[in-house]
Amino acid sequence: MPTIDLETETGRKEALRRMLTIRQFDTTAGERFADGEIPGFVHLYIGEEAVGVGACSALEDDDYITSTHRGHGHCIAKGLDPKPMMAELYGKREGYCNGKGGSMHIADVDAGMLGANGIVGAGPPLGTGAALTIDRKGEDRVALSFLGDGAVAQGQVHSAANLAATWDLPVIFLVENNHYGEGTPVEEQHNVENLSATAGAYNVPGITVDGMDITAVNEAVTEARERARAGDGPTFIEAETYRFHGHFEGDEELYREDDEVERWEARDPIETFAQRLIDRGELTNEEYEALQSEVETTIEEALEYAQSAEEPAPEEAYDDMFAAEVPEITEFARRVRADGGDPDGGER
Amino acid sequence: MGAHIGLIVNPAAGRDIRRLTGGASVVDNYAKRRVAECVLEGLEVVPDPPTALLMPDTAGIAASAAEEISGVETDLLDCSPDGTAADTRRAAARFSEEADAIVVLGGDGTSRDTALECGDVPLLPVSTGTNNVVPTAVDGTVAGAAAALVATGAVEAAAVTYRHDMVEARTKSDETVTGLASVELSNRSFVGTRAMLDPEDLTGGVVSRANPADIGLSSVAGATDSLAPDEPGVIGLRLVDPDTAPRTVRAIVAPGVVAEIGIEEGYRLTDGESMTVDVEEGVVGADGERELEVVGETVEFRAADRGPRLVSIEAVFDAAGTGVFENG
Amino acid sequence: MASAGLEAEATETMTVREAIRETLREEMARDEDVFLMGEDIATMGGVLDVTGDLHEQFGKDRVRDTPIGESGFMGAATGAAATGSRPVVEIMFSDFLGVAMEQVMNQMAKMRYMFGGKTEMPVTVRTTEGGGMGAASQHSGTVHSWIAHFPGLMAVAPGTPAAAKGLLKSAIRSDDPVFFFENKMIYEQSGEVPVDEDFTIPLGEAHVEREGSDVTVIATQRLVGESLSVADELEGDTDVEVIDLRSLYPLDTDTIVESLEKTGRLVVADESPLSYGTHAEVVARAVENAFYSLDAPIQRVGVPDTHMPFSPSLEREVLPDGAEVRDAIERIV
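Protein chains in written order, with full-length UniProt numbering: chain A, 1 to 348; chain B, 1 to 328; chain C, 1 to 333.
So that you can see chain A by itself, here it is in the shape it has in the complex (with noise of 0.2 Å):
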């Protein structure tokens, strides 16, 4: 069973729902970035819900998924709990790295979630890697990688789709194209015309779909997952999508024009389905309201949770090195914490 069917009414609720997530999440996680309160970096993923969303709908709980530097809507579409992915943003030890990863690294292995990605284009050849697992244990499972259109670029994306192609194993590469590469556009860092178009150099198909429309990125995943559980190997999607907000948050735009930006808002995926749904008789103006201000109640839920949890303890920061139990760490971190240590040099 996908995560979520879009072709029933309560299935298209859901999406609808998650994506209203997202854009909530994101939000929220923007102002508190711009308050101060967040650290770090924030990349967020408004504008782009339809992919996510439309993409791990088509996934089965047990599938697998990397993402990439902007990945806060590929874990909300994957099930994740806004809950410890705020009090990850926050840092805390509720966080779900313990307060570790940040928002470029929110992971939840079990869940399927094999990790946001700070550097462009490493998820694929983890995805490869997991389709490997499931290709050598014979599991009736997928792993689905997002990536970026500047990813496309990066050696180890072409080196990781060799691989699985050659191999036939079971991942799809879903290309979100935003249009900008940090803040140079597509068209001066690739010299086709649609990402898709690389899927030819590994003989296996590459098709290109409207990524402001999750019915579309629903279908071409659900498609590209019944061939990878075939055995016939990965697909190559690309979905043509846009951020509305900078690159980062504080990102000055200076690289694109107003009317451009006015241009994919006017294609909102959440409105623009949510109006399909309404103008079908699904769903009313009423409940998409009431929708809305659930999801409301669930973000702010979300952020006094990561608001008032707890911050990890200095010393945790010398846990989760290694599996093992590794003298160097214990011992430097004695020294650290206990003012420098001992000078004892041996005995004297």
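If you're looking for bench data, these hints aren't it; they were derived computationally from the structure.
There could be a bad hint or two in this list.
What the hints assert, rightly or not - Now the stretches of chain A that chain C is said to cover, found in silico as 3 or more residues with beta-carbon under 8 Å:
no.: 1; stretch: 88-97
no.: 2; stretch: 105-112
no.: 3; stretch: 297-307
Here a beta-carbon is modelled for each residue, glycine too, at the ideal position from N, C-alpha and C.
Chain A is fixed; fit chains B and C onto it per the hints.
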């Protein structure tokens, strides 16, 4: 004033889900540019080649093809493309006034978008892939040569063109979907990735041509009836599950997909007759692509009241004979 | 930290190459999740014939020839390890690690920590190091100091066939990423290897190969054997203790300190470049923990910060060997 041809190149590549689900082949933009160059080269088959008017496209295919060509005068239309079907329609509207023949590099959809706006200007749709009903799979140079012969009057347009009927679906709420070869009804809920996905999704529609060698609903119709594109009338079909159908046929429903299709009813619609279908939930498509989501609608299928004049390339060269090509 | 008592075990004479291959065979037989991947390791048996016939026994699903794309297959190994596989990767020459380094440093090394300990990373990376074959700069590097330096990775470098077996078993069974550095000039070196299929050497334990009281030589890889020969040559004159460091990270400080408390003199012999490396770390541990035991300046034997030149005469010039170890001993005894 010299003759003009219009050239439309659809840059959309890789948008067809059938390359994943079926056997659709896709031609990349580099190859399309080379075909466009061939079309332009082909114009030189006449001593005084027509000027080529080019539709600008988001991938810059037409512009770079024009740069490569020296023996033919080219002129890029002054409009900025947005990467949608509107580009094609705008260009076709201009060509309806300024061109003497139009070459389209694209599939059924691009040909239809051109046909909607190009009036009576002779149209040569050239298939750059293999998945289409209407466009001809022909070398670009040959298509360019044929366009030049028609545009310059070296052959008489009336003698080498035929009217291709079109079909349409209209909803109660007055939305219309027009197709060149077919308009279909799918029981999917959404437009999604557009292409018709599974044979079992098809529940009916109307075709302007019926031939087992066509791909899609026209192939289904062609399994029981025969209808040339310029023959008056269209064929309406109601399809059902093959297991409960009064008759079943085998048809090529998509590239790489031969399926058993159950036909409940199939009939000729002439003189403004229509076929009406009550749709609880579904999508109306045109030429194999889903276009319009409908819920709780009544959809009326019928012949459209117009259609383009398509050039028969074979007829062009027959009419030209050998004399046209001799010097002095 | 007591090392497994080799002397008490039943042993068999094997080369380093055989010890590695047989260990891989035993571990693959023991655990279905263990599989090998690398360039030309199946049909060809590995360019230096280490994997040999393993593909015949386990099939090409478990001994996988990869495309020549280290970044892709290193990443795939990392992703596989995070999802329940136990891959053993071969990087044909350690110099090629450069191609794979992004996945090593930003993914393999960091995932466990970044995720708050919520994933394991049971991957082993085997690779060959060292000059002596006239293979020039891009096939002769000794890069283990990079890996040993980088947090989140373990690094081992056996100097004997027994160490090769015990360390490789521990590496494969470890839930952490372990790099296993094989010096290509000692594949044919023979020694006694315990036959026990569960013979492991803990990661982070050095081993005293020869006891002595005048000077400690801490050596790695090829220089372990060469230092033992030097110790034999000097017997009666100078009593040399030779330690195979075995693990570069974690590093066995206790064994170093114990030895220095006895000898007071230290030579560190490792084929890596001299600056900022393995030698420096051993020396730092010595001065931090055995400062008052030291009786003479510490000596380092290694590559004088050059790449490996091609011409045999040039290569001989920069490669450290037993003669240099002997000179170093003689300078401080």
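Each hint, compared with the structure:
1. Chain C is given as covering the stretch 88-97 of chain A, and this holds because 3 residues of the stretch bring a CB closer than 8 Å to a CB of that chain, at least three being needed.
2. Given as covered by chain C, the stretch 105-112 of chain A passes the check, having 5 residues with a CB less than 8 Å from a CB of that chain where 3 are the minimum.
3. Evaluation of the coverage hint for the stretch 297-307 of chain A: breached, as 0 residues show C-beta separations to chain C shorter than 8 Å, against a requirement of three.
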